[in-house]
Amino acid sequence: MPIYGDGYYDKFVELAQLQGSGLGVSWHSDGALKSLGALLRSDSSVDQVVKAIAALAKAKRTKYKAAIAFLENTFPIPPNRRVSQVGAGVEAIRYLQNPVRPTLDFTAPNVLKSLKMTRSTAQIPLGMSVLDFMRDNSASTRLLLIHLGTSQVDMDYRWDDKSALEHMNDVLRKAAEHQIHVCILRDPHKGVRGQNVPTAANAVCDGLRDAVGKIPGTHVWVADGGENHSAFHDPAYENWVTTGGVKNVVVMGFDADVCVRGNVFGIAETVLNAHPPSAVPALINFVNVVTARPLLAVGKTGAVQAFDSWGNLAYLKPN
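Just add 3 to the spot in the sequence shown (first one is 1) and you have the numbering used here.
Think of the hints as simulated: they come from the structure by calculation, not from any bench. Using N, Cα and C, we set each Cβ at its ideal position, and we do this for glycine too. There could be a bad hint or two in this list.
[Unchecked claim] Lysine to any residue pairs mimicking SDA-like chemistry, simulated, CA-CA at most 20 Å apart:
#  : residue 1 : residue 2
1  : Lys116    : Val274
2  : Lys66     : Gly40
3  : Lys250    : His184
4  : Lys37     : Gly27
5  : Lys54     : Tyr12
6  : Lys320    : Pro81
7  : Lys303    : Asp159
8  : Lys54     : Gly34
9  : Lys37     : Thr65
10 : Lys66     : Gly34
11 : Lys217    : Ser141
12 : Lys320    : Gly130
13 : Lys320    : Val49
14 : Lys116    : Asn231
15 : Lys61     : Val86
16 : Lys320    : Gln308
17 : Lys54     : Lys68
18 : Lys320    : Val156
19 : Lys66     : Gly27
20 : Lys116    : His278
21 : Lys165    : Arg84
22 : Lys320    : Val261
23 : Lys320    : Arg84
24 : Lys63     : Gln20
25 : Lys66     : Pro128
26 : Lys303    : Arg161
27 : Lys68     : Gly40
28 : Lys303    : Thr153
29 : Lys250    : Arg122
30 : Lys37     : Lys66
31 : Lys320    : Asp258
32 : Lys37     : Arg64
33 : Lys250    : Met131
34 : Lys303    : Ser166
35 : Lys68     : Pro82
36 : Lys68     : Asn83
[As the list claims (entries may be wrong)] Beta-carbon label-pair distances, calculated as ranges:
#  : residue 1 : residue 2 : range
37 : Leu118    : His181    : 32 to 38 Å
38 : Ile127    : Thr106    : 21 to 27 Å
39 : Pro219    : Ser45     : 53 to 59 Å
40 : Glu169    : Lys303    : 17 to 23 Å
Using the sequences provided together with the hints, build the complete structure.
See the structure below:
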């Protein structure tokens with residue numbers, strides 16, 4: 004029985020085909036990945052897969068770097084044995100802006116039938132970490148923390164030899180270093196830190212407080228959506244997002260499949276006093292969204308389910 008599951012293998016083939024591989028289509032059009040593909044369909048070991056990747060010509064490893072990075076993270080292969088300069092697990096992914104807003108369909112007044120979320124117009128692996136992206140695009144980038152008032156189990160899971168919590172703290176420190184403005188969306192769930200006095204320091208979990216505290220007070224604020232999940236219920240939030248020159252928002256938060264997804268792509272919440280009822284906007288209606296897998300917590304399972312929104316990021320696994 005192969006240890007590399009069908010879903011992972013299919014995504015590896017898809018990424019390879021995007022770069023011109025005939026793997027899974029016809030053996031004669033591009034045979035460079037044929038041996039590696041056969042190995043992945045058998046009961047192979049880490050050593051065997053590492054050797055098969057190393058056996059590829061340098062030009063082929065470069066050509067298929069996205070597919071190989073995905074394979075190295077999902078097999079998984081230990082970070083110190085990978086050839087990818089930026090592991091798929093920590094690579095920044097940019098979800099391109101789409102101005103088409105989410106829509107709600109009602110069967111009767113105030114009886115919701117369905118939500119049509121906004122999809123990004125493209126998902127682009129950037130070949131660099133989120134930290135490098137922030138350094139290179141600091142003037143046009145902001146940082147959003149979504150519902151991180153409580154530490155989650157998977158914030159201890161490791162990605163390229165660092166815990167998810169360490170990756171989050173690195174992003175906060177990079178924001179402070181480059182004077183990137185930060186918004187913290189207060190967690191609406193009862194009993195979570197930040198309910199009564201939503202200051203920056205107490206709107207995040209203990210593991211993030213020190214890094215948040217080092218961000219200048221003029222560069223960090225707390226958005227308060229009340230008992231709702233969308234930040235757009237705070238009137239100041241849309242102004243923050245649409246500030247002139249802002250093109251990208253780096254996002255981290257919990258839960259990737261619910262609150263983060265809803266804020267980024269659309270959620271079944273309505274604009275206050277709108278007649279007829281209309282959905283609140285999605286972040287991606289205004290800016291590009293940049294994130295990486297370790298920045299999205301999901302709880303104990305550690306598995307992102309919403310592939311239709313997050314794409315290949317949903318397949319990545321911790322070390």
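Each hint, compared with the structure:
no.: 1; hint: Lys116 x Val274; in the structure: 17 Å, holds
no.: 2; hint: Lys66 x Gly40; in the structure: 16 Å, holds
no.: 3; hint: Lys250 x His184; in the structure: 13 Å, holds
no.: 4; hint: Lys37 x Gly27; in the structure: 9 Å, holds
no.: 5; hint: Lys54 x Tyr12; in the structure: 18 Å, holds
no.: 6; hint: Lys320 x Pro81; in the structure: 12 Å, holds
no.: 7; hint: Lys303 x Asp159; in the structure: 10 Å, holds
no.: 8; hint: Lys54 x Gly34; in the structure: 17 Å, holds
no.: 9; hint: Lys37 x Thr65; in the structure: 16 Å, holds
no.: 10; hint: Lys66 x Gly34; in the structure: 13 Å, holds
no.: 11; hint: Lys217 x Ser141; in the structure: 17 Å, holds
no.: 12; hint: Lys320 x Gly130; in the structure: 18 Å, holds
no.: 13; hint: Lys320 x Val49; in the structure: 15 Å, holds
no.: 14; hint: Lys116 x Asn231; in the structure: 19 Å, holds
no.: 15; hint: Lys61 x Val86; in the structure: 10 Å, holds
no.: 16; hint: Lys320 x Gln308; in the structure: 12 Å, holds
no.: 17; hint: Lys54 x Lys68; in the structure: 16 Å, holds
no.: 18; hint: Lys320 x Val156; in the structure: 15 Å, holds
no.: 19; hint: Lys66 x Gly27; in the structure: 17 Å, holds
no.: 20; hint: Lys116 x His278; in the structure: 17 Å, holds
no.: 21; hint: Lys165 x Arg84; in the structure: 16 Å, holds
no.: 22; hint: Lys320 x Val261; in the structure: 19 Å, holds
no.: 23; hint: Lys320 x Arg84; in the structure: 16 Å, holds
no.: 24; hint: Lys63 x Gln20; in the structure: 13 Å, holds
no.: 25; hint: Lys66 x Pro128; in the structure: 14 Å, holds
no.: 26; hint: Lys303 x Arg161; in the structure: 13 Å, holds
no.: 27; hint: Lys68 x Gly40; in the structure: 15 Å, holds
no.: 28; hint: Lys303 x Thr153; in the structure: 13 Å, holds
no.: 29; hint: Lys250 x Arg122; in the structure: 17 Å, holds
no.: 30; hint: Lys37 x Lys66; in the structure: 15 Å, holds
no.: 31; hint: Lys320 x Asp258; in the structure: 16 Å, holds
no.: 32; hint: Lys37 x Arg64; in the structure: 13 Å, holds
no.: 33; hint: Lys250 x Met131; in the structure: 18 Å, holds
no.: 34; hint: Lys303 x Ser166; in the structure: 14 Å, holds
no.: 35; hint: Lys68 x Pro82; in the structure: 15 Å, holds
no.: 36; hint: Lys68 x Asn83; in the structure: 17 Å, holds
no.: 37; hint: Leu118 x His181: 32 to 38 Å; in the structure: 36 Å, holds
no.: 38; hint: Ile127 x Thr106: 21 to 27 Å; in the structure: 25 Å, holds
no.: 39; hint: Pro219 x Ser45: 53 to 59 Å; in the structure: 55 Å, holds
no.: 40; hint: Glu169 x Lys303: 17 to 23 Å; in the structure: 19 Å, holds
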